[in-house]
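> One-letter residues, chain by chain:
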Amino acid sequence: MTTVKTDPKKTAWVIAGAIALIVLPFVLQMFGNSWVRIIDLALLYVMLALGLNIVVGYAGLLDLGYVAFFAVGAYLFGLLASPHLTQNFPAIAAMFPNGLHLSFWLVIPLALLVAAIVGMLLGAPTLKLRGDYLAIVTLGFGEIIRIFMNNLDQPYNITNGPKGISDIDSVHVFGVDLARSLTIGGFEIASVTLYYFLFLALVLITIGICARLQDSRIGRAWMAIREDEIAAKAMGLNTRNLKLLAFGMGASFGGVSGALFASFQQFVSPESFSLMESIMIVAMVVLGGLGHLPGVVTGALLLAALPEVLRHVAGPLQAMTDGRIDAAILRQLLIGLAMIVIMLMRPRGLWPSPEHGQSAQPDAAGTMPVSAQDNPPGVDFPADAAPGSTGVRQSAINP
Amino acid sequence: MDILLQQIINGLVLGSMYALIALGYTMVYGIIQLINFAHGEVLMVGALTSWSVVGLMQESMPGAPGWAILILATLIACLVAAVLNFVIEKVAYRPLRNSPRLAPLITAIGVSILLQAIAMMIWRPSYKSFPSLLPTEPYQIGGAFITPTQIMVLGVTAVSLAILMWLVNFTRMGRAMRATAENPRVAGLMGVRPDMVISATFIIGAVLAVIAGVMLAMNYGTVYHTMGFLPGLKAFTAAVFGGIGNLGGAVIGGLLLGLIESIGSGYIGDLTGGVLGSNYTDIFAFVVLIIILTLRPSGLLGERVADRA
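Chains as they are written, first to last, in our numbering: chain E, 267 to 665; chain R, 35 to 343.
Just so you know, these hints were derived from the structure itself, not from any lab. Being a predicted model, the structure only gives us computed values, none of them experimental. Treat the hints with caution; some may be incorrect.
Computed Cβ-Cβ distance ranges for the label pairs, DEER-style [unchecked claim]: (1) R:206 to E:379: 55 to 61 Å; (2) E:292 to R:330: 53 to 59 Å; (3) R:113 to E:532: 49 to 55 Å; (4) E:292 to R:117: 48 to 54 Å; (5) R:125 to E:279: 38 to 44 Å.
Straight-line distance between alpha carbons at most 25 Å, and here's what the computed SDA-like set of lysine to any residue pairs gives [claimed, not checked]: (6) R:124 to E:607; (7) R:162 to R:97; (8) E:429 to R:97.
Cβ coordinates follow ideal geometry from the N, Cα and C atoms, glycine included.
Generate the whole structure from the sequences, applying the supplied hints.
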């Protein structure tokens, strides 16, 4: 990414990929808008997974409450672009007689900023914690935020409780309302397809940021912390600020994704932000290939689209078994099975970064588990990934 | 005063169930450093199995005494869950011993999703009421009441803990477990078979979880396919709270968590002038956890994990 090489083969691939991405929704649209919708949601998950990848993949901080930032973004957009606040608070209604309809372009940076601040606030008390202790604390934060969303309808109705916030504004881009289908020269582009392009653009930007980040000084510093925090500190890195930055940056992607989700669904409720959602995002990152961008994208697309695709497959299977096995249950069964099988077959993820093959694990030959002494609780990664470098690289061996 | 006493009783009962589940978490963590997300689901399978056995027995032997049915159902459920957990460990965790740490975590999540689906297939996704097998007439202590089920929970927990402590501290098996937790490779050199020890740990964990699961079912009177999730999460919190990997810590963490939750939900309305209600019960576990871990990063009784030298 750093140097644009004029390799004709590569250029051809990029062009082919771009055409495929542009054509994809129109092809899917022919089979029904629900398929495009699936892709839209999958793109949002890609963004979430990329954000979490910064925290888990780069900085090595296992975060099990990531969905909280998604929720922050979604509720922020929900509150600022729906009639909810003006209906419940006369003071706000007096200030905005026409209702609170903040522009999408204002809310996105705001969501980014607020989520980043929340991310740093949540990160601050956890700085001393290591590995799995961090995991449980972040999980706790996620749950706390969800419980508040669920209950903040009394005594002041802020979140409308379990009923959620509805009537959220759709996105208007340059005067085009993305919630309505657009007709250009007799050809109709469905609303979901318009959203597809918006999401795709943002996902591409996110991928660009992540790729640059990986190669930057900050990215390197994160990976140093991931590999050995003590050594990183000894080398003069400010681990505290770097970890906070990782939390903040990761969270900001979550916040933007959440705002997009709210405008896409035009409805948010606490149900969308359960712990299972956080766990699924972690699963996406790990299944795909921790710390490796193409892997993370693959993992997110797979896990986000799999349940929906299975929905279409499970029906016939259910018919074959005379309706004894419910389609929803079968779907869940297959997802669980897929997670186990993929991990057993490819423990480093479906598409790990190439360097990951050279494990720095001291007892790779042994069959015994590693003790706490050798391996303090934490997210373990075999080697420092050096993205972009294609040559054989000396694997980073822990001192 | 009566309310406080009542909440303390309820808290201890709740906490002792958390403690039993937390022991399974903490033992597994102590030995292979895995957050076993499927632990709550093993509890759920055990509780549902016991429900089925109870139903079958009440049908076939209408005159059988409640306690006999309960003991038999628990034993059968323990057996099923022990076999299940043994198989899970062998299939989903063992092949990943030397893989990156997050790989078994993901298979554990997969197992938990899978077990819920299987449970829904076998038992249908509905809430089922668990019959009350013990007398329901509560005893009075001061101004508070305690049911025979609650007494049983406290008693069974105490006995289970005593047996576990004896097992870990005074038997060959226990010594092998402690040695493996300390350093599996060196333990292996000393004639311990780490794989067997790990299997045994999973079996013991499953038995403790099922005992807790049956008691949960008795105490609340319902069983369903997601009943393991929240207790599992709370128990994990309790284990971390006490210092994960530390058996005594898990017990203390569980009991404290139960007490905090119970007393907290009893008084939160008064304390905040009605702004926060008892619907915030689940928040206590996490708020306290965060405060404790901020002050003591390795839990109440946790040893300081040695940083890499």
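> With reference to the structure, classify each hint as holding or not holding.
Hints and how they fare:
1. R:206 to E:379: 55 to 61 Å: 60 Å, holds
2. E:292 to R:330: 53 to 59 Å: With Cβ atoms ~58 Å apart, the hint holds.
3. R:113 to E:532: 49 to 55 Å: Roughly 51 Å apart at Cβ, these two residues keep to the hinted range, so it holds.
4. E:292 to R:117: 48 to 54 Å: At roughly 53 Å between Cβ atoms, residue 117 (chain R) and residue 292 (chain E) fall inside 48 to 54 Å, so the hint holds.
5. R:125 to E:279: 38 to 44 Å: Since residue 125 (chain R) and residue 279 (chain E) have Cβ atoms about 39 Å apart, the given range 38 to 44 Å holds.
6. R:124 to E:607: 14 Å, holds
7. R:162 to R:97: 22 Å, holds
8. E:429 to R:97: It is violated: about 48 Å lies between the C-alpha atoms, which goes past 25 Å.
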